[in-house]
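Peer 1: Listed here are the chains, written in short residue letters.
Number of protein chains: 4
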Amino acid sequence: MLSFENDYSEGAHPAILERIARANMDQYPGYGSDEVCESAKARIREACQDEDAEIFFLVGGTQTNQVVIDSMLSEVEGVVAVETGHVNVHEAGAIEATGHKVLALTAHDGKMDASELDDYCAVFMADGNRDHMVWPGMVYISNPTEYGTLYSKAELTALHDVCRKYGIPLFVDGARLGYGLTARGNDVTLPDLARLADVFYVGGTKVGALMGEAVVFTHHNMPKHFLTIVKRHGALLAKGFLLGLQFDTLFTDGLYTAIARNANEQADRIREALVARGYEMPLVNTTNQIFVTLDDDRYRELGAKVRLSFWEKPDAGHTTVRIATSWATTPEHVDQLIALL
Amino acid sequence: MLSFENDYSEGAHPAILERIARANMDQYPGYGSDEVCESAKARIREACQDEDAEIFFLVGGTQTNQVVIDSMLSEVEGVVAVETGHVNVHEAGAIEATGHKVLALTAHDGKMDASELDDYCAVFMADGNRDHMVWPGMVYISNPTEYGTLYSKAELTALHDVCRKYGIPLFVDGARLGYGLTARGNDVTLPDLARLADVFYVGGTKVGALMGEAVVFTHHNMPKHFLTIVKRHGALLAKGFLLGLQFDTLFTDGLYTAIARNANEQADRIREALVARGYEMPLVNTTNQIFVTLDDDRYRELGAKVRLSFWEKPDAGHTTVRIATSWATTPEHVDQLIALL
Amino acid sequence: MLSFENDYSEGAHPAILERIARANMDQYPGYGSDEVCESAKARIREACQDEDAEIFFLVGGTQTNQVVIDSMLSEVEGVVAVETGHVNVHEAGAIEATGHKVLALTAHDGKMDASELDDYCAVFMADGNRDHMVWPGMVYISNPTEYGTLYSKAELTALHDVCRKYGIPLFVDGARLGYGLTARGNDVTLPDLARLADVFYVGGTKVGALMGEAVVFTHHNMPKHFLTIVKRHGALLAKGFLLGLQFDTLFTDGLYTAIARNANEQADRIREALVARGYEMPLVNTTNQIFVTLDDDRYRELGAKVRLSFWEKPDAGHTTVRIATSWATTPEHVDQLIALL
Amino acid sequence: MLSFENDYSEGAHPAILERIARANMDQYPGYGSDEVCESAKARIREACQDEDAEIFFLVGGTQTNQVVIDSMLSEVEGVVAVETGHVNVHEAGAIEATGHKVLALTAHDGKMDASELDDYCAVFMADGNRDHMVWPGMVYISNPTEYGTLYSKAELTALHDVCRKYGIPLFVDGARLGYGLTARGNDVTLPDLARLADVFYVGGTKVGALMGEAVVFTHHNMPKHFLTIVKRHGALLAKGFLLGLQFDTLFTDGLYTAIARNANEQADRIREALVARGYEMPLVNTTNQIFVTLDDDRYRELGAKVRLSFWEKPDAGHTTVRIATSWATTPEHVDQLIALL
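Protein chains in written order, with the numbering used here: chain A, 1 to 341; chain B, 1 to 341; chain C, 1 to 341; chain D, 1 to 341.
Just chain A, with the same shape it has in the complex (with noise of 0.2 Å):
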């Protein structure tokens, strides 16, 4: 059946496929210690115009958010995400199972408001009571966030400035990255990232790789013995060399980018299609993710043919979707796709 599940239902784009195979039977070093990891690490700080970046292969996000997010805290610090962040909603509690608390400010449309932010700090700052609360250790921001919503320059900058006023580390899930860096209208490049952020990652699963985030610590600031700590967290590859092949492909000739702009491309034609039938969109963006509110026949007779993503029933009668493209997407699915709506 036609899916616009998600973005992770296919293999890796076959640039990627090849190059693994071509290179099976070399003999590498474990977790990670191979020549061909250093060199996708080189071809990521080059990228993001970053000599300095420290940066480490991980499998999964869930598993990034949670060695980044444990790692960098301390033990009575607390990290600040909106109520809709992937950490707060839908990673099973993987960071308090680190024993952190996920300190959840209002979201924007998936967004979180640097005023807010502020606002936030200096109540808690100034609160007679702080020694018996979570501190606020990091920043948490998804870009693109779980709503394909992007954070233009201007609001990553004032997101930057807040954390340093405060001294607290801005941490940003680039699960999506691809699709945010190609979007119709995003000003962030990969060296603006590598400045405003103290810690990011490039998601590979998502955009082209069988699996793979690279996390890239911008001001010398990964932690001590990290590699340990990744262990320490079952999240040690011992083939690491796979995911360096993986992202030295991605990294050569800009694939990454190529291969996520198709994406938001078909995204686009989807998202004209439903403008032109009348669909209510509940919120705008320009990346791969689409959410569609359906009345609730439309939407069982919609995935009888299609699989999309339930999202949430904003009332009894309606259901929210989510239409998903990826690199993967092919014009001839996104035809079949609008034949249907």
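Note that these hints are calculated values from the structure, not bench results. From a predicted model like this one, the values you see are computed outputs, not experimental measurements. Where hints are given, some of them may not hold.
[Said to hold, decoys possible] Below, a sample of chain C positions facing chain B; criterion: calculated Cβ distance under 8 Å:
hint	residue
1	S71
2	E75
3	V76
4	D131
5	H132
6	H225
7	L227
8	T228
9	I229
10	K231
11	R232
A virtual CB, placed ideally from N, CA and C, is assigned to each residue, including glycine.
Given the coordinates of chain A, assemble chains B, C and D onto it according to the supplied hints.
Peer 2: Relative to the frame of chain A, chains B, C and D by itself:
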């Protein structure tokens, strides 16, 4: 300086000190395995009209919340509480420290609304992504709440019913239980609580004891190996008999409620004076905590003469403070306070 | 440089890569809820002759140990392992990170002795202080062990019997299971393992897969909400179908054991050469790991030409190294190694 | 029944109860932020001849071990202790509950050998796999040990030196410190301890207080936000002044050592009687714990008349028991015990 800062400023009711002094050179086995603890438990069971209640004495409130919640939740479960709940705000992340998320609902003068809880659980159970989310595994309320408000028997029954509907235990933090049981307008008795809650505790620290909370498991649901669980949390008191001696005294001849009533009566006197002088009180309650909003000049002036608790700043020029009475509050202290108002 | 450093130096068996490439643009639902995973599970159930086995695919070995142990232990329980067990030494505290103690028994060439386990449990159960101690809640062994040794069916049965006696589940780490099943002298089959162990895993990472471990719960004992537990540990692979494709291939036409056998045969050739040349081997085994003690000069000389694993320094002038073969080891590589000896 | 079961069977030294009674209706601010706590800290600093010592009062021993160890270790570190150390055996996994491994060395009559510690650290630092292992991040010893034995100043200095060599803090569990400071043959003073240990505690629970342990950080190394850390562990006592009152009393006019000395003197009387009557004592010490091995008939007979602690069964027909004296032991009780021997 005169203090209405909190309800744990003094030592213990004199009858408790006398009891400890009298038993001082008796020899007791360790960790609460003594006869005085058994006697205290029997008295609490009788007061609860629950012969089967299993009881364990702990030292403090946050400790009790942490141990009870951690021991009753499974790995995938979190605890539902209101945003202003003690476990969500003022325990420095003690719940998350044990790996569990606090799932926060809107507070209504510190209370949880049963229909909102029902909605929350219903939406969760219907969510296609719930396997990626923290399961609601317990409901936590405090009674009296952190705002001194009380659940009526109807409200408590409604919460109980929702908990039953979803198979979730109801936990009542009774750190200030005495002040609730004896408040004007309260219609919830100890036997009601033992029937409607799955576990609750009778607060000693804030109601006449040096320290101590009596946890009551009401439905044969004390977790297996509970003493070991307590020990693992560093929460097992070597001289457990000290807790037994205190609760045995508090539950002899109605001492617990008698001394709690004093706090409410003195609080009523203060409330009357505040009303008479036109002070603004952001909410109404009948227990031992009073909240008053003062302009900042008045706050500074009053704060120089009597210790009060800063609560929050509702706006730039005002401060809300808490005035707390207790079992130890004397009419003379209240006279002095009223004279200052 | 020639490498016998470990059994995870190469990618995957070519049949696996071909399978992944063939399915690359198929669309699968996420998180292992796809038909290929179902097919792979059915094949493993068949190989185990255990129709009721519940199976879950994870990415790596430490991750699997952490998730399985944490999910099956209660709060007061620890896991019994030998001192040299992977969970006790080389997982950077991943078990303790989830709050559980590793209770270490003496190792005998990497193995646990059933009568010593029996003694340990008996003494524990008789200890008047056991409520202040960590309860033995699971037995962990690896087969083959970290020293390449194997449990006989009699030894495994004895451990099983002790576990039954005390009501403790037996967990077998099979990261290198294929090399055990196909070793000279081995008398433990997969159906034996499924009968004698309560949970075990079939290692893929070290036996021909890119990555992946198939956890088999044999007695209807998969923990409730296991997928959520896995997610909470950051261990849930988005593209679960990648694990399904690999195990489905490995368990088609006996590929798993066929490729494992190669490692043992090549290891035997190396063992023969070592014996013929009078090298000192601190222990005897028949699987793919060989331990040799070299004087330090010889170690440096050899280490310049072939990558081996440092194991330990038995004394000031000597070094024990590990030579590992794998599914990928070619006769030519072994010829080259033997020529260097 | 007469009891020599432990050193926490009675309430508190009468001077402590009197002090608490006298201050009972005074009003103190919460959580140890009061003047009496300050006074007690000043007295302890003076006794330690360490003006800069940072001091925090906690309630119990396991709690103190858990909070101190967890707060001073980084995520990848464990605590080195001897196998018989309290943290390794009798705290129900309280250390592992916070995510840290106890790295156990061989015990010699309950003590750690400095050269064995040196070897352990040296081997660890040289291990090629150490990034996959738990780092030694603290050394824990108890003095007196769980066997009532004592470190000499030379032994303690040697441990201190090894800790310095590897940059690891030395933590001394002083739950029974008073009994060590006043033992025959002891040459370690409080100022020695403040110089040689990085953190230690002065036990109150077992030496005359109702409850309480005074943690002393000796080298400006109290972890940042320590009060919040304590709160997060559920270990912050609301009425902190109760701990201040007790330690202020214990450190006035040498009360702490005076009452501790009594326990050792009474223990010496018992030891003499045991020797005179030919009892077998598995080890020699000079503090308040005596270990005697009895044949099982004698054990049953004696156990019917006096409460002793079961320790272990050295063989089928014998039982080793512990006889504990304390600050509260009277000559009359000892006379009665001796008459029974």
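Peer 1: Decide, hint by hint, whether the structure agrees.
Peer 2: We went through each hint and held it up to the structure:
no. : hint : result
1   : S71  : 7 Å, holds
2   : E75  : 6 Å, holds
3   : V76  : 4 Å, holds
4   : D131 : 5 Å, holds
5   : H132 : 6 Å, holds
6   : H225 : 5 Å, holds
7   : L227 : 5 Å, holds
8   : T228 : 4 Å, holds
9   : I229 : 6 Å, holds
10  : K231 : 6 Å, holds
11  : R232 : 6 Å, holds
This entry satisfies every hint, going by the numbered hints stated previously.
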